[in-house]
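Use the sequences and the hints to build the structure in full.
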Amino acid sequence: MVIMSKSPLADTLSEKTLLLDHGSGGHASSRLIGNLFFRHFDNPILNAMNDAARLDMCGPISMSTDSYTVDPLFFPGGDIGTLAVHGTVNDVAMMGARPRYLSCGFILEEGLPMETLERIVVSMAAAASEAGVVIVTGDTKVVPRGAVDKVFINTTGLGEIIADPAPAGNCARPGDAVLVSGTMGDHGLTVLSGREGLNFSTDIRSDSAPLNHMVEALVTQVGDIHVLRDPTRGGLATTLNEIAGQSGVVIHMREADVPVRESVRNGCSFLGLDPLYLANEGKLICILPQEKAQAALELMRSMPYGENAVQVGTVRDAADGPGKAGQVVLETPLGGHRLLGMLEGEQLPRIC
431 MVIMSKSPLA DTLSEKTLLL DHGSGGHASS RLIGNLFFRH FDNPILNAMN DAARLDMCGP
491 ISMSTDSYTV DPLFFPGGDI GTLAVHGTVN DVAMMGARPR YLSCGFILEE GLPMETLERI
551 VVSMAAAASE AGVVIVTGDT KVVPRGAVDK VFINTTGLGE IIADPAPAGN CARPGDAVLV
611 SGTMGDHGLT VLSGREGLNF STDIRSDSAP LNHMVEALVT QVGDIHVLRD PTRGGLATTL
671 NEIAGQSGVV IHMREADVPV RESVRNGCSF LGLDPLYLAN EGKLICILPQ EKAQAALELM
731 RSMPYGENAV QVGTVRDAAD GPGKAGQVVL ETPLGGHRLL GMLEGEQLPR IC
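Each residue of the sequence shown is one higher than the one before, counting from 431 in my numbering.
Hints are computed from structural coordinates only; laboratory data are not their basis. Worth double-checking, as some hints may not be accurate.
Stated by the list, open to error - Label-pair ranges, simulated between beta-carbon atoms: (1) 699 - 780: 19 to 29 Å; (2) 700 - 569: 36 to 46 Å; (3) 603 - 575: 30 to 40 Å; (4) 478 - 699: 17 to 27 Å; (5) 604 - 764: 23 to 33 Å; (6) 720 - 449: 55 to 65 Å.
Just so you know, these numbers come straight off a predicted model, no measurement behind them. A virtual CB, placed ideally from N, CA and C, is assigned to each residue, including glycine.
Here it is as structure tokens:
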């Protein structure tokens, strides 16, 4: 994606920063919406300029909403705009669905540079195009200085469920394989290092990415997917605990098999963080019968964003121990076992 050094908005809007007038619903609002949002989000449904979007969808529907407050707004590998698209697209897809439509709501701080806002909108448009979704409705509010920190975005997504039955958190079964599509902790450490001005010598980048194409391939080409989840806030450890609790099973994970980039591992060691609890924005957990694990891994490794897919554990009945129903047990490299609990407290605020 190329961001022009001079914003094309300069040709159509005289203001270089957002004014309260841009959220008033009058002429300034109309210019902002037409010259920025409509131009970059261009599609027939949005361009109809109705109070609501008319959508044609079939069958059961997956719907998700999320709000994005990440700080800093821009970071290696993405920005608040890409997160606002990828995060909601991925949540919709985890029901075994094909995402189709997004809404977006902006809460903007008075004084925000127009070029900053346009950079975010351009990122959102590019992310939506890659994911194959369209932004069909939205809202913009401008609030006084200090009432919000620069930009907050909410997106809601709708998709058609194509898996039958749809994967769900309560469907993990003893004997299932637990797969992840790639390395853990990339996004969380990237945002933290950007916020705190940490200059790691190695390249640390967010993994923010759309996973819906991978999900559709898993559903249609492998099938019998029991659980799909994206381990965002709270990381892999927290998400697996949620699944174990919903399904009433023990999840046994091998620490040595969890993929973590060396740069992330070193950064976490320096900061006293555990990569198993750091947020990811472009990774999924797939739980399915063990006999289908190899086919799923080969498929994920053949696709963008899945080249580092591995099996990290198995689902067990509580009677087989160690661990009780609803727990995650981590096998250490030395062969010992320890319980891997839910995230306690706020490890990294405003991570997405």
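Open item on the list: Looking only at beta-carbon atoms, does the pair residue 603, residue 575 fall within the given range of 30 to 40 Å?
Closed with: violated, 54 Å
Open item on the list: Taking 36 to 46 Å as the stated bounds, is the beta-carbon spacing between residue 700 and residue 569 within them?
Closed with: holds, 42 Å
TODO: Evaluate the given range 17 to 27 Å for the C-beta pair formed by residue 478 and residue 699.
DONE: violated, 54 Å
- [ ] Please test the hint of 55 to 65 Å on the beta carbon pair from residue 720 and residue 449.
- [x] This hint holds: roughly 59 Å between Cβ atoms.
Task: 23 to 33 Å as the expected CB spacing between residue 764 and residue 604, which holds or is violated - done: About 26 Å separates the Cβ atoms of residue 604 and residue 764, which means 23 to 33 Å holds.
TODO: Could you tell me whether the CB distance from residue 699 to residue 780 stays inside 19 to 29 Å?
DONE: holds, 23 Å
The structure does not agree with the numbered hints 3, 4 stated previously, though it agrees with the rest.
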